[in-house]
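Colleague: So in the working numbering, spot 81 of the sequence shown is number 89, and the numbers just go up one at a time.
If you are wondering where the hints come from, they were derived from the structure by calculation, not from laboratory data. Cβ atoms here follow ideal geometry from the backbone N, Cα and C, with glycine treated the same way. Where hints are given, some of them may not hold.
[To be verified] Cβ-Cβ distance ranges computed for the label pairs, FRET-style:
#1 ARG49 / SER73: 19 to 29 angstroms
#2 ALA38 / ILE61: 31 to 41 angstroms
#3 PHE51 / ARG29: 12 to 22 angstroms
[As the list claims (entries may be wrong)] Pairs of lysine to any residue residues, derived as SDA-like cross-links and limited to a Cα-Cα distance of at most 20 angstroms, are as follows:
#4 LYS21 / ILE61
#5 LYS21 / VAL40
#6 LYS18 / ALA47
#7 LYS39 / ILE61
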Amino acid sequence: MNLLRDSAKKITKESILRLARRAGVARINAKVYDEVRAALRSFLETIIRDAAIYCQHERRKTMKSRDVVHALKRQGNLMYGFEQ
């Protein structure tokens, strides 16, 4: 989890603003950036943990896109376009 702690700081304000713009947000308060980083970190932690469990179950060391799709489906977030 050390890697995630360091990587969370590398999410720049510009990348958060870019994500918000895609969602239709025009302006963002400066205090929001740290909260967005924390929320994004917790979301990614659960997805990566679940995808790693799928990898370990199949005795693989490489995570595939279908592992992430299954992890997202388990969380209740369907991702279209990756059906088999």
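Colleague: What's the verdict on LYS21 and VAL40, does the C-alpha distance respect the 20 angstroms limit or exceed it?
Modeller: holds, 10 angstroms
Colleague: Do the alpha carbons of LYS21 and ILE61 lie within 20 angstroms of each other, as the hint requires?
Modeller: violated, 31 angstroms
Colleague: Are the Cα positions of LYS18 and ALA47 separated by 20 angstroms at most?
Modeller: Measuring from Cα to Cα gives roughly 14 angstroms; hence the hint holds.
Colleague: Could one say that the CB atoms of ALA38 and ILE61 fall in the range 31 to 41 angstroms?
Modeller: holds, 37 angstroms
Colleague: Could you check the hint for me, namely that PHE51 and ARG29 are 12 to 22 angstroms apart, CB to CB?
Modeller: Once the Cβ atoms are compared, 19 angstroms apart, the range 12 to 22 angstroms for ARG29 and PHE51 holds.
Colleague: Assess, step by step, whether the Cα of LYS39 is no farther than 20 angstroms from the Cα of ILE61, and give holds or violated.
Modeller: violated, 35 angstroms
Colleague: Do the Cβ positions of ARG49 and SER73 conform to the proposed distance bound of 19 to 29 angstroms?
Modeller: Distance hint for ARG49, SER73 holds at roughly 21 angstroms.
Going through the hint list in order, the structure does not satisfy hints 4 and 7.
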